[in-house]
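Novice: From first to last, the protein sequence lines stand for chains A and B.
Residue 29 in the numbering used here is what sits at position 29 of the first sequence, and the numbering runs on without skipping anything.
Residue 4 in the numbering used here is what sits at position 4 of the second sequence, and the numbering runs on without skipping anything.
Since the hints were made in silico from the structure, they are not lab data.
Quick caveat: nothing in here was measured; it's all calculated off a predicted structure.
Keep in mind that the hints are not guaranteed to be accurate.
No copy is singled out in the list; a pair is fine if it fits within one copy or between any two copies.
Pairs of lysine-lysine, BS3-like flavour, derived with a Cα cap of 27 angstroms [unchecked claim]:
1. Lys56 x Lys41
2. Lys65 x Lys32
3. Lys32 x Lys5
4. Lys9 x Lys20
5. Lys56 x Lys9
6. Lys9 x Lys65
7. Lys41 x Lys20
8. Lys32 x Lys20
2 protein chains.
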Amino acid sequence: MYKAKVIIKRKKSILDPQGKAAEHGAVLLGFKNIADVRIDKQVEFLVNVNDEETAKKEVSEFCSKLLSNPTMEDFEINLEEIDEV
Amino acid sequence: MYKAKVIIKRKKSILDPQGKAAEHGAVLLGFKNIADVRIDKQVEFLVNVNDEETAKKEVSEFCSKLLSNPTMEDFEINLEEIDEV
Numbered sequence: 001m002y003k004a005k006v007i008i009k010r011k012k013s014i015l016d017p018q019g020k021a022a023e024h025g026a027v028l029l030g031f032k033n034i035a036d037v038r039i040d041k042q043v044e045f046l047v048n049v050n051d052e053e054t055a056k057k058e059v060s061e062f063c064s065k066l067l068s069n070p071t072m073e074d075f076e077i078n079l080e081e082i083d084e085v
Numbered sequence: 001m002y003k004a005k006v007i008i009k010r011k012k013s014i015l016d017p018q019g020k021a022a023e024h025g026a027v028l029l030g031f032k033n034i035a036d037v038r039i040d041k042q043v044e045f046l047v048n049v050n051d052e053e054t055a056k057k058e059v060s061e062f063c064s065k066l067l068s069n070p071t072m073e074d075f076e077i078n079l080e081e082i083d084e085v
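Next up, chain A with everything else stripped away, as it sits in the complex (with noise of 0.2 angstroms):
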């Protein structure tokens, strides 16, 4: 069994209006030093097959057709093995 953790990111051309708020907000609230803020998703499951070439095409194309928009985002996927919950 496998455990995965996906970071599901805009591409770096896109604007991120939900980081742009909490910049705006960090002002707001006096925090001077923070800049640059982006928020993005991560998404961990558990993918129960027990050999990682399989967990990793299910994981790639689980994030590809359902997780993450091809068009504006990028994933990275990390594989972790573990032992049967």
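Dock chain B against the given chain A, drawing on the hints supplied.
Specialist: Frame of chain A, contents of chain B only:
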């Protein structure tokens, strides 16, 4: 200057409806091995101070005052020293 990477997670005991929706979507798309999906936030930003203690204090205040909801969420902070950009 520091680069901060903060993961904001709902507490384990709190339902994650977005994760549940992705899990259900996975079943509908025929992914049979994916379970326990949780979707969290990853926030990245620059902290323009030169001393680690001050950076930590400012980031942790920013997280608890603006980025997270302390009733429902926990956060994890990672700081990495970087050269000026």
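Novice: For a quick check of understanding: which of the numbered hints are violated here, in increasing order?
Specialist: Those not satisfied: there are none.
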